[in-house]
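K.L.:
Chain by chain, the residues:
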Amino acid sequence: MLKKIFNWLMQPIGLIAVGIVLLSVFSAAVYGISLTQQTPPQPIEFPHQTHVQFGIQCLYCHPGAAKGPAAGIPSQAKCWACHNQIEKTATSELLVPLKDAVLNGESIQWVPVAIVPDFVQFNHRAHVAAGKNCEDCHGDMSRMGIAENPQVMNMGWCLDCHIETAGEDQEKLIKLVDCGTCHY
Amino acid sequence: MSEQVSRRDFLKLAGLGAATTAVLTGCGPASRYVTREPYQQMPEYNLVGVSTYYATTCRECAVGCGLVVRTYQGRAIKVEGNANHPLNLGKTCARGQATLHGLYNPDRVTDPIKKSRGDFAGENINWDDAIQVVADALKNNQPNEIAFLLGTSSDHLFDLVTDLANSAGVNAPVRFGALSMFESRATLSKAAENLFGQAGMPWFDVANAQTVFSFGANFLETWLSPLSYTRGFANFRKATETKLRGRMVQFEARMSATGAKADEWIAVKPGTEAMVILAIGKLVAEIKGGSVPRIFSSVDPLEVASQADVKLEALQHLAEMFATSNAVAIPGGPALGQSNGLAVAEAVLALNVLAGNVGKAGGMYISALAPNQSEYHRPASAQEMQAFVDRMKNGEIKVLFVHGVNLVFELPNAIGFKEALSNVGQVISFGTFPDETAVEADYVLPDHHGLEGWGYQRVTTGTDLPVLSGAQPVVSPYYNTRSTVDVLITAAGLAGGAFASALPFADEVEFLENKVTALMSESSGSFSATDNAAFMAYFQQYGGWWKNVDAKVSPSGSTAFSRNISAEQAKFAGEGEFFFVPFVSPTLGEAGANKPWLQELPDPTTTVMWTTWIEINPETAHHLHLENDEVVRVISEAGEIEVPVYMYPAIRPDTVAIPFGQGHTAYGRYAQNRGANPADLLGLHFNEAGDLAFAGMKVRIEKTGKFKPVSRNESRMGVYGEDLGGEEH
Chain W
1023 MLKKIFNWLM QPIGLIAVGI VLLSVFSAAV YGISLTQQTP PQPIEFPHQT
1073 HVQFGIQCLY CHPGAAKGPA AGIPSQAKCW ACHNQIEKTA TSELLVPLKD
1123 AVLNGESIQW VPVAIVPDFV QFNHRAHVAA GKNCEDCHGD MSRMGIAENP
1173 QVMNMGWCLD CHIETAGEDQ EKLIKLVDCG TCHY
Chain B
2 MSEQVSRRDF LKLAGLGAAT TAVLTGCGPA SRYVTREPYQ QMPEYNLVGV
52 STYYATTCRE CAVGCGLVVR TYQGRAIKVE GNANHPLNLG KTCARGQATL
102 HGLYNPDRVT DPIKKSRGDF AGENINWDDA IQVVADALKN NQPNEIAFLL
152 GTSSDHLFDL VTDLANSAGV NAPVRFGALS MFESRATLSK AAENLFGQAG
202 MPWFDVANAQ TVFSFGANFL ETWLSPLSYT RGFANFRKAT ETKLRGRMVQ
252 FEARMSATGA KADEWIAVKP GTEAMVILAI GKLVAEIKGG SVPRIFSSVD
302 PLEVASQADV KLEALQHLAE MFATSNAVAI PGGPALGQSN GLAVAEAVLA
352 LNVLAGNVGK AGGMYISALA PNQSEYHRPA SAQEMQAFVD RMKNGEIKVL
402 FVHGVNLVFE LPNAIGFKEA LSNVGQVISF GTFPDETAVE ADYVLPDHHG
452 LEGWGYQRVT TGTDLPVLSG AQPVVSPYYN TRSTVDVLIT AAGLAGGAFA
502 SALPFADEVE FLENKVTALM SESSGSFSAT DNAAFMAYFQ QYGGWWKNVD
552 AKVSPSGSTA FSRNISAEQA KFAGEGEFFF VPFVSPTLGE AGANKPWLQE
602 LPDPTTTVMW TTWIEINPET AHHLHLENDE VVRVISEAGE IEVPVYMYPA
652 IRPDTVAIPF GQGHTAYGRY AQNRGANPAD LLGLHFNEAG DLAFAGMKVR
702 IEKTGKFKPV SRNESRMGVY GEDLGGEEH
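Heads up: the sequence lines are chains W and B, in that order.
Take the first sequence: its position 154, counting from 1, is numbered 1176 in the numbering used here, and each next residue is one higher.
Take the second sequence: its position 725, counting from 1, is numbered 726 in the numbering used here, and each next residue is one higher.
Worth double-checking, as some hints may not be accurate.
To be verified - Straight-line alpha carbon distances no greater than 30 Å define the calculated DSSO-like cross-link-like pairs of lysine-lysine that follow:
| # | chain 1 | residue 1 | chain 2 | residue 2 |
| --- | --- | --- | --- | --- |
| 1 | B | Lys244 | B | Lys270 |
| 2 | W | Lys1100 | B | Lys270 |
| 3 | B | Lys92 | B | Lys553 |
| 4 | B | Lys270 | B | Lys704 |
| 5 | W | Lys1026 | B | Lys704 |
| 6 | B | Lys704 | W | Lys1089 |
| 7 | B | Lys13 | W | Lys1025 |
| 8 | B | Lys262 | B | Lys312 |
Derived by calculation from the structure, the hints in this document are not laboratory data.
Just so you know, these numbers come straight off a predicted model, no measurement behind them.
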């Protein structure tokens, strides 16, 4: 049976068929990968740059970054504290979802862009405490509207930085590249 | 085949397939499939990404175990025991763990409903109208025509309704639960009263005993306080420097999960328990020397041995074992649910008096009363429920409020509760779930789930300390439900007069504070505080308040032997050839059937899940030409049900057993139309204490010719000659 398939595959028509299949798999893969590189749609087209330009610190909306594992997404109450005093909130089309959510008491379903798999125990606090700035990992938000992820957050990327941070300090290096540091 | 395709080619092909699979499935980023839903208003003490833990009390049964619930972003995600709680010391049972499946149950009642009886569908109403309905019901009826039927949890609601009854003259609340019916609580307390002159819940110190004789008590499953008894059992089995590993003997016709843990199983003939205990007592007294107390002297062990289907040598060996070690005897289960149940309970307590263990370590005590309790209070017995149902039938009850108990399901059909409801003008259910009783109500005004509500529960038995276990909301209510205490307080205010002055509280929290801070002046508390707010804060933080004082009572057994205990056999109702033993499912209890975790949890002895079965001895099954999974009709004088057969070697050939817990006609998608309810088979026969003689029935079995495969975890291959083919039906 398998032999027959092999023989058929060796014919010109078989080779063409294999080519077509490979090509379609390849293009599907390229399309899939390109999808991962696009910023996912958000319920509100949140302009980060506008907020940064007003001088709002990252930690004002994401205070968890300095205190614990997750930076957190601000509660609607926090958004509304400023926005209900801003005239544009009443008129802007972009802000209708916020207004609706707050007035109806419904949650806004944000799509996270910078996440790691469940088996990685990432903690913001350690990184902020080590002197990392938000933009080191999340990019320059003063140039971004909807949040984008400027890099692939894989293990190599983590380790590059961990090794660089350790420098010549062997003890620190062992701590920073130990499996149990992130996987526990 | 491997001769035709080379290894190299095969690897190439396999590699191509693997690569294709990896490319097609591995590229999707996880982030695209999740959303983050932030708080609308984040509590100040919360931190994103960090769990918050709350201490509360389990409401799955009346025991009152302390819980610590892990919450994350406002959602309860894991239940564990409260390590500081003196009753359960950080442990929970399966039902406690599954309380989350009640909280997130898709069939919860989400809004107050006005409906017609017999059908759950109705129109949603708003809470103002719902409360007005309650206020009108209170105001427009005579107080003695208003009645409350409450479950065994929670106690703060019971106290509120008791206040209402005392001040406004409505009927005192009646409490009931199928668990307490199967535990024969009235019998236990009546036996203590008759022998020691003191009603109360007996407590058996299993942990420090050397030998335990359990007469049907399923104390490792659902009986009275299973977690603390299980802990006691673990210590009982542990050998230490001062004591040997304990030995246990279980006397019961059908081996329960507790019986399966025993060293010896004595399958006495149902109905002969009293005489067996008295015979053991007589033999023990003889071994100990001196005169045999009159209470034991009337029985002849040889005669008993033949009647009870036990060898005389076995009785002698058991008596030897009991007489020569620090022994305790425990009454419970089917042994008490017979026409002579009270005699059985009294005989067992007398056996403890004979062993000289009353009020001693490893012996029996009367349980400590809870802090805000002046005398022992037990739920209604089945006979008292019958009297109540008779009042309903006579039209003496115009308004009936039901909370925390599903009486249409839990009471035997023969008592006629459902029919009696038609003589009650207005039925208002506070059910959290659409259970059978809520179906028969005119209004369903849903209470919060236990994890969303306030309260407290008195610990009836299981610890030396007097414990008031505290409950607080661990999450905000998910639906448009309202605390029943709040509903009653507001409605009483609207009704005015005696009702308003009976409940002069702004809301449930104020009521709770009023009750709990009354304990501030007590000494030796687990914590103390100088102002109400601090006391309440500690009460919430620690999950309750307890007195660090050993308050269990050592009763006097001096007059115990002057009782006359009849050694006669129990009487059985009905014509059938089999003794019938209904038992509470150790996994489902009386209200666990709507929780998939519990449905999926295999029964500890049979490994059956998701249905009801009848346990029949393989010999009997062979004799009746029955096979596993064959559906039989079980017929008693009160009714009949159809259940598939499970061949169970650990049951007497003249006895059959059916678990209680399934057979719901409502109660949500997981429970409805699943299995059968053995309570339908129970006739109205009571023991001398008024408890239902649930194990005092005889049943017939008929073949139906149908098969229903029972899902079970264990393999049947090689059992009773079955092979794989035997499973095909």
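K.L.:
Each hint needs a verdict: does it hold in this structure or not?
P.N.:
How the hints compare with the structure:
Between the alpha carbons of B/Lys244 and B/Lys270 the distance comes to roughly 33 Å, so the proposed pair goes past 30 Å and is violated. Among the hinted pairs, W/Lys1100 with B/Lys270 is inconsistent with the structure: their alpha-carbon atoms are about 71 Å apart, more than 30 Å. Proximity of B/Lys92 to B/Lys553 is assessed by CA-CA distance (about 22 Å); at most 30 Å being required, the pair is judged to hold. With a CA separation close to 25 Å, the supplied pair B/Lys270 and B/Lys704 stays within the 30 Å bound.
Of the pairs offered as hints, the one joining W/Lys1026 and B/Lys704 is violated, with about 58 Å between alpha carbons and a cut-off of 30 Å exceeded. Annotation: proposed proximity of B/Lys704 to W/Lys1089 is violated, straight-line Cα distance about 68 Å (limit 30 Å). With a C-alpha separation of about 14 Å, the suggested pairing of B/Lys13 with W/Lys1025 holds against the 30 Å cut-off. A distance of roughly 22 Å separates the Cα atoms of B/Lys262 and B/Lys312; the hinted pair therefore holds under the 30 Å criterion.
Hint check: violations occur at hints 1, 2, 5 and 6; the rest are consistent with the structure.
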